[in-house]
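*Asks:* Here is how the chains run, residue by residue.
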Amino acid sequence: GENVEQHPSTLSVQEGDSAVIKCTYSDSASNYFPWYKQELGKGPQLIIDIRSNVGEKKDQRIAVTLNKTAKHFSLHITETQPEDSAVYFCAASTSGGSQGNLIFGKGTKLSVKP
Amino acid sequence: GAGVSQSPSNKVTEKGKDVELRCDPISGHTALYWYRQSLGQGLEFLIYFQGNSAPDKSGLPSDRFSAERTGGSVSTLTIQRTQQEDSAVYLCASSLRFGGRTTDTQYFGPGTRLTVL
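Chains as they are written, first to last, in our numbering: chain A, 1 to 114; chain B, 1 to 117.
Quick caveat, the hints were computed from the structure, so don't treat them as lab data. Remember, it's a predicted structure, so these values are computed and weren't measured experimentally. We treat Cβ as the ideally placed atom computed from N, Cα and C, and that holds for glycine. One should not assume that every hint holds.
[Unchecked claim] Pulled from the structure, derived: some chain B residues nowhere near chain A, Cβ distances all over 12 Å:
1. 14
2. 64
3. 84
[Claimed, not checked] Pairs of lysine-lysine residues, derived as BS3-like cross-links and limited to a Cα-Cα distance of at most 25 Å, are as follows:
4. A:42 to B:11
5. A:37 to A:58
6. A:106 to A:71
7. A:109 to A:71
8. A:42 to A:22
9. B:17 to A:106
[To be verified] Derived DEER-like restraints, expressed as beta-carbon distance ranges:
10. A:67 to B:63: 37 to 45 Å
11. A:5 to B:22: 28 to 36 Å
12. A:42 to B:57: 22 to 30 Å
When you get a sec, could you build the whole thing from the sequences and use the hints?
*Replies:* What follows is the structure, encoded as structure tokens:
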């Protein structure tokens with residue numbers, strides 16, 4: 001089955017710097033890659049997602065890149081702010097049939113220092 | 001509009017007791033998912049429903065875990081004879097549908113924090 005590895009497990013940056021979180025997946029059939037942000041005591045919230053037919057997607061300060069050949073995808077946050085501090089999870093999914101559930105990485109705790 | 005809701009938000013129980021966790025999905029969402037998040041860990045997929053049907057129960061950790069969904073809406077996750085290792089946050093998510101040609105976004109509830117003493 002699918003396996004998702006996420007690095008780093010913790011990341012500390014200064015306000016205004018960029019943050020990059022990387023994930024690799026094992027199942028070449030995976031075609032949907034969402035990123036979730038989880039704040040303390042809350043459920044994960046979708047912040048951006050990418051499907052396998054594109055290589056990059058951007059939404060304001062957040063961007064995701066996908067390399068299907070290498071089976072890895074990354075989250076880029078620019079001009080970080082203290083409110084970006086949270087745990088970020090990547091996930092992979094194979095749409096269709098019985099494989100629409102998400103397989104998550106173990107998360108990255110991002111701390112943005114003012 | 002209203003998001004996914006879960007109750008209770010916190011549950012403390014004694015080892016050996018049974019517990020029921022409830023999930024109310026977003027109205028109109030036919031697919032519903034249960035995940036478990038242990039301390040400092042990622043999200044572990046447990047089971048999904050398409051309508052009232054749960055075709056694949058292989059993600060449930062043991063036969064003490066069961067789940068049902070009635071009327072294509074509310075779902076309950078039941079844990080019988082709870083053990084200390086069951087302590088975790090149980091998250092529910094819903095999406096418009098399951099499978100199909102594209103994967104629909106899953107929207108998560110706030111979770112139920114279960115503590116087994």
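*Asks:* Indicate, hint by hint, whether the structure satisfies it.
*Replies:* Structure-based check of each hint:
no.: 1; hint: 14; verdict: holds (24 Å)
no.: 2; hint: 64; verdict: holds (21 Å)
no.: 3; hint: 84; verdict: holds (22 Å)
no.: 4; hint: A:42 to B:11; verdict: holds (16 Å)
no.: 5; hint: A:37 to A:58; verdict: holds (16 Å)
no.: 6; hint: A:106 to A:71; verdict: holds (17 Å)
no.: 7; hint: A:109 to A:71; verdict: holds (23 Å)
no.: 8; hint: A:42 to A:22; verdict: holds (23 Å)
no.: 9; hint: B:17 to A:106; verdict: violated (30 Å)
no.: 10; hint: A:67 to B:63: 37 to 45 Å; verdict: holds (41 Å)
no.: 11; hint: A:5 to B:22: 28 to 36 Å; verdict: holds (33 Å)
no.: 12; hint: A:42 to B:57: 22 to 30 Å; verdict: holds (28 Å)
When the structure is compared with the earlier hints, a violation turns up for hint 9 alone.
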